[in-house]
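Participant: Quick one: dock chain against chain with the hints and give me the complex.
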Amino acid sequence: MSVTDAFLRSPAQSVAEPSPRPSRLREGLLAACLLAPAFVFLVAFVYAPAVLAFALAFFNFHPGGTATYAGLSNFHAALSDPLFWRSMANTGLYALMMVPSTLVLSVALAALLQSNRRLFRFAQSLVVLPYITPAVGTAIGWLWMYNPNFGILNALLRDVGLRPIGWLNSPHWAMPAVVLYSLWHGIGFDVLILLSAMSQLPEGVLESARMDGAGPWTRLFRITLPLISPTLFFIAVMTTIGSLQAFAQVYALSLSSGGPENATLTALLYIYQQAFTDGQFSYAAAMAAMLVVCIFAVTALTRWIGHRFTFYQ
Amino acid sequence: MRTIGRVLRAALALALGLAFLLPIYIAFVTSLDRPQDVFVYPPHLVPDWNFSVWVQTWRGNTWMLAILNTVVIALATIAIALTTTVLCAYTLVYIPFRGKTVLWTALLAVLMIPEQALLIPNFVTMAKLHLVDTRIAQIIPYGASIFGVFLLRQHLLTLPREYHDAARIDGCGHLAFLWRIVVPLSRPILFTIALYIFIGCWNSLIWPLMVTSSPRVQPIEVLLSTFLTQDSSNWQGLSAAAMFATLPMIALFVLFRKPILRGLSKSSGING
Chain S
0 MSVTDAFLRS PAQSVAEPSP RPSRLREGLL AACLLAPAFV FLVAFVYAPA VLAFALAFFN
60 FHPGGTATYA GLSNFHAALS DPLFWRSMAN TGLYALMMVP STLVLSVALA ALLQSNRRLF
120 RFAQSLVVLP YITPAVGTAI GWLWMYNPNF GILNALLRDV GLRPIGWLNS PHWAMPAVVL
180 YSLWHGIGFD VLILLSAMSQ LPEGVLESAR MDGAGPWTRL FRITLPLISP TLFFIAVMTT
240 IGSLQAFAQV YALSLSSGGP ENATLTALLY IYQQAFTDGQ FSYAAAMAAM LVVCIFAVTA
300 LTRWIGHRFT FYQ
Chain E
0 MRTIGRVLRA ALALALGLAF LLPIYIAFVT SLDRPQDVFV YPPHLVPDWN FSVWVQTWRG
60 NTWMLAILNT VVIALATIAI ALTTTVLCAY TLVYIPFRGK TVLWTALLAV LMIPEQALLI
120 PNFVTMAKLH LVDTRIAQII PYGASIFGVF LLRQHLLTLP REYHDAARID GCGHLAFLWR
180 IVVPLSRPIL FTIALYIFIG CWNSLIWPLM VTSSPRVQPI EVLLSTFLTQ DSSNWQGLSA
240 AAMFATLPMI ALFVLFRKPI LRGLSKSSGI NG
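Taken in sequence, the protein lines are chains S and E.
Everything in the first sequence is counted per numbering that gives the first Met the number 0, starting at 0 for the first residue and increasing by one.
Everything in the second sequence is counted per numbering that gives the first Met the number 0, starting at 0 for the first residue and increasing by one.
So that you can see chain E by itself, here it is in the shape it has in the complex (with noise of 0.2 Å):
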């Protein structure tokens, strides 16, 4: 009876499990099909290998300059925001300054605006800037990583303060020590905020949707969308569209399961 129980929700946690991946996987097999094969009942389950939608629905748009933007975008941002991220959350951790409380309450408060009421006065402002449809104006937005802070911060209050102290007697300055023993000790949680500003650059939507307009500058997923309002009814190219934007973050999760799942356990903490 109890390896019966056990059995059974071994496979009913494998079966949802699976479900899961469903939806991404039937636009795989969508994509993978001869045409003769898509508008069937009931919906074809076994992809037929014909990479020929693919290679077709790569030609017909500019994927390898989204992509490539995308990147581009993502290593600007990580860049920025990982030095400004280590700088604030040291600065917060290790240096006794005045007002550091209503410093701390005003890091809290970023939390509690919702980032789609900063849009209009953001565009405002790249409009005043001459930024509209850059590169730039996709990055410089999130030069200041606030879920970043908060993550180093938890991190860097685990360390043994013994570290900062034997190193200030030893004579070592706030920068040698941050540059050589706080951001050595902190390189797993650095790499996992760094992954989830890639992630976040790689789906991000709206803010580029509204300061972009050419495909030059624009991310994978702007291109998407607009493959997506102009040929909704093209069900194989769209699919073999899903795949060019889904696929890459479903390989970073498996080569990156680890520090993706930590970052995402951790994050509770910040509100809690």
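With the rest of the complex left out, here is chain S (with noise of 0.2 Å):
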């Protein structure tokens, strides 16, 4: 580092560092030490499988630990695999069922919710609580719910005259009820940063625009809702990128078959019954290369029309 150099520095930095040469020696060995064991583990358990994970789609494994090349052969075998497809038109469907129907509900209930008052804050907590609770746990909850005979759903329905409906036994309606437990499950946290960011927004708009006379539906959609956008943006990625790795949700309803009739095998719980009921690991990988490749994709996709209609201030 030249003279000059030094003396471009701003003066807090150079503060910070009263001796620039020998300690700046010192404490790039010093912040590799300190990085180091968050590293470790994330080389082992994150950027190495990442890696590998990709690999193992191009091999064979074998029970014996040998493990021959396979090129694209996993990956043919899985696009000519009805299920494969089944499981991922699944997921589609379930993220297409998703976003929206999020989007909608965490913004209808966060202006309803929205509020300091005590019994809101209390409806605002009951609202989050689901968001921590487990997916087993409560799924057992809901199968009691969807019962076709003794559920409440159904008692519900006869109550205001409609027709009882199957729920998870009906290949129809077994996915938007897995949708219906997944919104309860998650809605809390979109509901919580729209709160959070609608505390944020400059008071002044607001009471100008009341002043101005504009009632609450013009405030919430001309200006609360395009000053949120980047949350609502937020929302929107995350929810998609959730909806495309669905899980834990399916495997509680469905009691980890995916049925009924394959109606909620999503890519995920057919990867997981390859690898782990099969032993198709190689198979999984390659479902699962593909399945992070539209991940990417819709992700990149989402971003894209996102900043189209984001209102950044």
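The hints are simulated quantities; they were obtained by calculation from the structure and are not laboratory data.
Treat each hint with caution, since some may be false.
As the list claims (entries may be wrong) - According to the in silico footprint, chain S covers these stretches of chain E (three or more CB under 8 Å from chain S): (1) 7-13; (2) 83-89; (3) 113-124; (4) 200-209; (5) 248-262.
From the three backbone atoms N, C-alpha and C, an ideal C-beta is built for every residue, glycine too.
Facilitator: Here you go:
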């Protein structure tokens, strides 16, 4: 580092590092030592396996522990496997139902629950609570609510004069039932970050709109929502990614089968079944690789769409 | 007119909030009903307070062991992950070094890699290390918490820079500054991170399901899922078991509502 460089550095920085040259090296070493523990874990369980995951798909493993090069055969097998396509279609359908309903419901709930009064804060807590509860534990209550004969949902339908639904027993209704459960379980997080975004809005804008005679609906749709569009965009991206990775909810609600008639067999559940029920590691790895590519592609697309419709202050 | 609107809004908010509690409440009622009140139409909504199913279910399976396993796994993960998190976030904020941007990008990239893609290779690693069906296998993959690093880094960036400068001028080294100033000032956020790791361990399903096979080392959610797939018609037993897994999390939420909510609302800044 030259003398001029030392002059050009900001005063705060030069105070923080009183003697540049020897301490630079020392600090570099110290930084390496302090970062090492985290990176040992990250390399071992994130970076290396991410590379390995793709490599695994190009080999076939045998019980003896040997592996033979398989080329693209695992990918070919997956692409001609009707169940793989079915599981991908189910995953897409799930995401298509989840994303819009999450956005609409979380905005509606946040608008309703936005208040600092005790009762509203209590209601906010009740909406968030399911988010931290275990999926299998709470799925049991839902399985009971979805029971076609004795469940409360069909009791309600009968009360209002509608025909009862087969819910998880019906190939037609099973996926919407899973969506309803997932909304219940996850929407608290979205409501909470919306509430936190709304509380940070500039007071003046909403106040002057009120002065100018804008009603609550106008304020919500014309001011609040455009101003929090980055948060809405964040929710859309996170829900999309989360939906494409749906596992615990379908595992619990279909008793690990993906039924009825494979109606709730998501990609990840099928990959899990192939890998750990049938021992087809390489085949599962090839499908996982394709799922990851899909997730990346959809995320990139969502980001591209989002940036066009998002208003940044 | 105004007051009616306000009362209606409050009533609607309360009703919706309680509706979110309903699925848990239904399992609660079913688990505490007398057997003749379970299969009835319309559904029973007030429990009979019959605890015999709880006792029976508790004795019929190794719940205590599963809860102990979960707590041991969670505490070990918290100890390791908090240590790596503190060291990593401190370095990112306070120590200048070459390649910080590259490192930061590498950390951001972790958020883009779906955890599920890593399950199979990680299973292969555990098999190679002879760690399949152990508690260690459920701990070490979570030894670094990206969520923790981001949350703590955000917090450290809000601390006044002058603390650091003053400490350095007084001859206080990095490690002393970290231990005496940064850690005490970050206690609330570290507590929030620890809570999230605990909740994550309590609720984790897919990885323990893959990497374990014996109840000796399995956490509660796995035991519950085995029970569910094997005994799916025993509604009362299942509901009681669901309470064993869910009530501790509800208690945690009641006790630590504020730090939990704080962590959730701050986590939106990670990607945005």
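Participant: The structure should be examined with respect to each hint, and the outcome stated for every one.
Facilitator: Results for each hint:
| no. | hint | verdict |
| --- | --- | --- |
| 1 | 7-13 | holds (count 5) |
| 2 | 83-89 | holds (count 5) |
| 3 | 113-124 | holds (count 12) |
| 4 | 200-209 | holds (count 6) |
| 5 | 248-262 | holds (count 7) |
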